[in-house]
Amino acid sequence: MKIILNGNPHETDAATLDAVLGELDLADAVVATAVNGAFVSAAERGETALRDGDQVEILAPMQGG
Amino acid sequence: MLEFYGTSVSSRLLLGTAQYPSPATLSEAVRASGTAIVTVSLRRESGRERGGQDFWALIKGLGLRVLPNTAGCHSVREAVTTAHMAREVFGTPWIKLEVIGEQDTLQPDPFGLVEAARILCDEGFEVFPYMTEDLVVAERLVEAGCKVLMPWGAPIGSGRGLNNAYGLRTLRAHFPDIPLVIDAGIGLPSHAAEAMELGYDAVLLNTAIAKAGDPVMMAQAFAKAVEAGRLAYEADPIEARDMAAPSTPLMGKAFL
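Residue numbers (the working numbering), protein chains in the order written: chain F, 1 to 65; chain L, 1 to 256.
With the rest of the complex left out, here is chain F (with noise of 0.2 Å):
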């Protein structure tokens, strides 16, 4: 299945939200998702499917002013 993660597209085999960040080794990493443009929050990713073409965004603190 591709996905768009982060603007890119992305092949996985990752059934869900969660799956996908433990793909990435992002597991216990300190991030926030969105699907669609939508919020996931950490207790959502488990249940959150995904589909062929979703947009998928992972964001972590960043430098902001």
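Each hint should be verified, as a subset may be incorrect.
Stated by the list, open to error - Some but not every residue of chain L turned toward chain F, in silico, with C-beta under 7 Å:
# : residue
1 : G16
2 : A36
3 : T39
4 : S41
5 : Q53
6 : R65
7 : S75
8 : T132
As the list claims (entries may be wrong) - The following residues of chain L were derived to be distant from chain F, with all beta-carbon distances above 12 Å:
#  : residue
9  : L42
10 : R48
11 : R118
12 : E126
Worth flagging that the hints you see were computed from the coordinates, not collected in a lab. Glycine is no exception: its CB is placed at the ideal position from the N, C-alpha and C atoms.
Mind docking chain L on chain F? Use the hints.
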């Protein structure tokens, strides 16, 4: 003491964390400034590098309060979603709400800002709206539930200081009891002092310190300027006048 949403704040200088030459300089400048609040953002985590994790460890190590922003958001939906993400990651209801309306000046979109502020305040966020000095927009934001207002001095990163001191003075006079923070446009410590002399409660800046030749020394300069400006405000300055008024007593002057 100054309070934001019931939280006492020990410094009237709020600092951004971007554009420093190195993480070590950021830490040193933050300490030198004496700030109690730093702003942070959310950006895409860069794969295996995990840059965000290192940055977050550094910020947590500073032991300060964080004010996450929605920088770069151009729509209500984007800003609200970013606020939700920030609340989870940073564990705070505080959000510096930016809804940008125009790319050249990064001027806030007042319509989107008020709409997003209303949604977020209703959801329990404690919103710090980045706004222009427009009085009516300020009224709407307060009606929406904002208990802090953050008008710009000048466009972000421009270093122009207070473009509309009259408008800012009007805003201060109109909202005597709401904490007002000058956010953006400050270039020099004298600009920060001017804001404080106008009776503003605090200033928020980033570029003026981060991009200075010596950010740590500039952080010290801003700390002194903010303190001096606040003291001057509390000391009740004299009114400016057009003509001279002799300071040396005339009485007792010799007839020569």
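Check your understanding: For L:R118, which was marked as not at the interface, is the minimum beta-carbon distance to chain F over 12 Å?
Key -> Since the minimum Cβ distance to chain F is about 18 Å, L:R118 lies beyond 12 Å and the statement holds.
Review point. Non-interface claim for L:E126: all C-beta distances to chain F beyond 12 Å?
Key: Fine: 17 Å to the nearest Cβ keeps L:E126 off the interface.
Check your understanding: Minimum Cβ distance from L:S41 to chain F below 7 Å?
Key -> Holds, about 3 Å.
Practice item. Could you check if L:G16 really has its C-beta closer than 7 Å to a C-beta on chain F? Key: With Cβ-Cβ at 3 Å, under 7 Å, it holds.
Practice item. Decide, holds or violated, for the assertion that all CB atoms of chain F are farther than 12 Å from the CB of L:L42. Key: violated (4 Å)
Review point. Under the criterion of a CB-CB separation shorter than 7 Å, is L:Q53 in contact with chain F as hinted?
Key: Status holds, d = 6 Å.
**Study point:** Minimum beta-carbon distance criterion (7 Å), L:S75 to chain F
**Key:** Where the cut-off is 7 Å and the nearest Cβ of chain F is about 10 Å from L:S75, the hint is violated.
Review point. With a cut-off of 7 Å, does the beta carbon of L:T39 approach a beta carbon of chain F closely enough for the hint to hold?
Key: holds (5 Å)
Point to revise | Least C-beta distance from L:R48 to chain F larger than 12 Å | key: violated (7 Å)
**Study point:** Hint check, L:A36 versus chain F [nearest Cβ-Cβ separation less than 7 Å]
**Key:** violated (17 Å)
Check your understanding: Does the nearest C-beta of chain F fall within a distance shorter than 7 Å of the C-beta of L:T132?
Key -> violated (17 Å)
**Study point:** Minimum beta-carbon distance criterion (7 Å), L:R65 to chain F
**Key:** violated (14 Å)
Hint violations for this structure: numbers 2, 6, 7, 8, 9, 10, all remaining hints satisfied.
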